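Read off the chains here:
Number of protein chains: 4
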Amino acid sequence: MDKKKVAILGASGYTGSDLLRLLLVHPNIEITHLTAEKHAGRMISDVFPHLRGFLDLELKPLKSKLIPKDIDIVFAALPHGTSAQVIKELFERDIKIIDLGADFRLSNKNYKKWYGEHPCPELIKKAVYGITELNRDQVKKAKLVSNPGCYPTSAILGLAPVLKNNIADQTSIIIDSKSGVSGAGRSPSLDYHYSEVNEGLKAYKIGEHRHMPEIEEALSNYSGLKVQVSFTPHLIPMDRGFYRPYM
Amino acid sequence: MDKKKVAILGASGYTGSDLLRLLLVHPNIEITHLTAEKHAGRMISDVFPHLRGFLDLELKPLKSKLIPKDIDIVFAALPHGTSAQVIKELFERDIKIIDLGADFRLSNKNYKKWYGEHPCPELIKKAVYGITELNRDQVKKAKLVSNPGCYPTSAILGLAPVLKNNIADQTSIIIDSKSGVSGAGRSPSLDYHYSEVNEGLKAYKIGEHRHMPEIEEALSNYSGLKVQVSFTPHLIPMDRGFYRPYM
Amino acid sequence: MDKKKVAILGASGYTGSDLLRLLLVHPNIEITHLTAEKHAGRMISDVFPHLRGFLDLELKPLKSKLIPKDIDIVFAALPHGTSAQVIKELFERDIKIIDLGADFRLSNKNYKKWYGEHPCPELIKKAVYGITELNRDQVKKAKLVSNPGCYPTSAILGLAPVLKNNIADQTSIIIDSKSGVSGAGRSPSLDYHYSEVNEGLKAYKIGEHRHMPEIEEALSNYSGLKVQVSFTPHLIPMDRGFYRPYM
Amino acid sequence: MDKKKVAILGASGYTGSDLLRLLLVHPNIEITHLTAEKHAGRMISDVFPHLRGFLDLELKPLKSKLIPKDIDIVFAALPHGTSAQVIKELFERDIKIIDLGADFRLSNKNYKKWYGEHPCPELIKKAVYGITELNRDQVKKAKLVSNPGCYPTSAILGLAPVLKNNIADQTSIIIDSKSGVSGAGRSPSLDYHYSEVNEGLKAYKIGEHRHMPEIEEALSNYSGLKVQVSFTPHLIPMDRGFYRPYM
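Chains as they are written, first to last, in my numbering: chain V, 1 to 247; chain R, 248 to 494; chain A, 495 to 741; chain X, 742 to 988.
No wet-lab data here; the hints were simulated from the structure. These figures come from a predicted structure and were not determined experimentally. We put the CB at the ideal spot given by N, CA and C, even for glycine. There's no promise every hint is true.
As the list claims (entries may be wrong) - Here are the simulated lysine-lysine pairs, PhoX-like style, with alpha carbons at most 20 Å apart: (1) X/K779 - A/K696; (2) V/K202 - V/K141; (3) R/K425 - V/K202; (4) A/K634 - A/K498; (5) R/K425 - V/K205; (6) V/K202 - R/K449; (7) X/K746 - X/K779; (8) A/K557 - A/K582; (9) V/K125 - V/K109; (10) X/K943 - X/K854; (11) X/K850 - X/K837; (12) V/K202 - V/K226.
What the hints assert, rightly or not - Here are some, though not all, of the chain R residues that point toward chain X, as calculated from beta-carbon distances under 10 Å: (13) N357; (14) W361; (15) G363; (16) S434; (17) Y441.
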């Protein structure tokens, strides 16, 4: 089988670098293009020294024109808004696009309410919500896959069978989620300063986290019910929420 | 003011040693008697080297006869069952007793159900539940204070005003608690092995944790209502749950 | 005994807040004045909620004129340079000054080399290096105490008896130090971002850390020898280096 | 390319389970036999739930006879002594054996001194020390590869070029190593209890750690010099020493 050529947009953040880790050991993938605005011009192995010898690509600026014509799959690990803009420019190409960001997870109405004006609302309906366990066939055929957020993934996988089988009332669901710190990204702030996070935990954005409408939309679409959840995210002193170091 | 003479029974566990830390800087307390079964005969400063120079007492075996006659206050930081047995033997003395364990927190009926036969059920009613914010006057006058468990302390302080003011229905309370690892004590087991706890979290004893009846009894006694809670404790990768290293 | 009135300059950093924790339980101290540039106008208990009920002072701007006349002791937990400037203005008052920063730890020659021009070099010789175990009598009588850095404290206490008794050659000392993250202060940066520190460790500023000349000067002064050290600091994933949560 | 059939002896410890993680994504490997004394009869995916769906093998007792005839490669992740015993029984088979334990790392003389009597000293010389960067060709052809210890790997890779190029005196090497807790294995003890490790670090087995003779032998063999090292291992609060969660 020929290897698929892959570009990763936003390769120096936590999402992009973890994707690198996974794709590097995939037997049918060849990574050939990486972008990173802040580190453009540097080698990826200078930013992440553990990649030296495994991947020695130069990081390019995020310009759709610079993405080679022979790329088969583009992964976008970019801030919301930025992601939709680039995907709009790439959409006519004969490629698959997998967006790890938030731009194609919500209906246009909810996107406007929770994130702001969408750069290309006409593409929203063309995206398949990439939760494979529920949408496997559609994901296979999709041109644009919109991967779910971290909290929604865990909540949806647990709740889908509950709602499908009418085990719980769809208006009385309480989601008490915990996440490690890498979910907040790689930009320093006092909230994620080591000594502020270590030996503590906190609930945050109660009732106003952007993953709440995402969970509600995804579960409503799946179950055909009007799902309403109470969602409380917590930050706890570990790197990832879904992750054990031993696999 | 004369200093009160204090004995700590069970001084080599986490509860006992943290009590030591607090009492050592109290201006009206003098610690004069310590027990620790496993370490009897050793100096407390050999077990906890940070105490060297602050407290150089020998650890004694746990025998009520060995507790000096001039002790004013006894703190018991002992396993349940053991605690009630010693307190029974000390009860006739003219002292104050503060039990940090579980033996006097529940009614005899619930104690039997959740812990087993009580060594001295006749003393249960003489104990004051030591949650100062709610029982301040009784605590002041009590001969025997039964300090609340860790989870109950946090749950009761939050829920007491809610119930007192009829803000919530007393049968629909959901308590989602998180604790650090020191609450599980100092006995090694795979559950509390560093690499099993680090970078993970888990819910445990769902619906069957002994702190659930304690929370329900305490809140029912306080509010006059029949309180029923859903209680889910979680273990998270930190030392304590109520604790920030900077004070 | 009358309580001494204390001012803490720079009360919202890690050094200042830990000093607060220690002084609040000191029976002969009354804290009456706090400063914090960034948080001036707020209550200290808003910045550190664990202090609510223990200390409800307003944070003032750092102006020497605002420090009340009846203060007995001033602690400065300020950036270097800033500290010396304020101490210069306060020096004529009949008070004790304890500087927790770096401004009076080095000779003027080394200060110039490692930190830059000193705001009041004439005061350097009036400062006593506050390592009590070696300078106890001088510290007692000093008007200005210059507290040692974190790494120097641990290195000097270990090496002083070694040098005093000629056990090691003063030119072949290797110091391999490890510190938790709070030593780097409370300003966010990628270096101290939780996910960059957790599950890792690193050596840094090898051969160029400002605590190296401090260790060499202090040990040379103490031993009368010309001490030269190889000093390698490491950052490890914990809050403090000298600290165990249980006392 | 045909997939190689692999057996892992000791699959429920940290070494075995991390090997599982690595081999499961290897395109030319098929894992077909697992042993685990304590968990024999259980599924590996019951012991490590993250493997469910990836590997659903039953754990077998550690008996050489039970290892299928068609296995191509055996990995041993067993306690020392046990490992050599099994390898002795398997040695006549036409397979490759990779020992992750300590049994074939030292000369017989040093093994006797540091570990005790060797179960099959005649095989020691047939083992190739599996540090690929230095012994790549020999490793390729070896029937029995003895993988180095964790500390030795890091020390040897750093020191080999230094010694080869005569940059340092081979009798004045100081190795100050730090390791996470998983290196100590999965058996609970107070030393590795979460609250004893978290927020602390300690040096241990100074001058008497079994990895010291291993480092000295390997570096002496490689450089032709008689290498003597000062080796100080430290335990620090993280899972692994050589590991960053993001790759």
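Results of checking the hints against the structure:
no.	hint	result
1	X/K779 - A/K696	violated, 37 Å
2	V/K202 - V/K141	violated, 41 Å
3	R/K425 - V/K202	holds, 10 Å
4	A/K634 - A/K498	holds, 15 Å
5	R/K425 - V/K205	holds, 18 Å
6	V/K202 - R/K449	holds, 16 Å
7	X/K746 - X/K779	violated, 24 Å
8	A/K557 - A/K582	holds, 12 Å
9	V/K125 - V/K109	holds, 12 Å
10	X/K943 - X/K854	violated, 26 Å
11	X/K850 - X/K837	violated, 26 Å
12	V/K202 - V/K226	violated, 30 Å
13	N357	violated, 29 Å
14	W361	violated, 25 Å
15	G363	violated, 26 Å
16	S434	holds, 8 Å
17	Y441	holds, 4 Å
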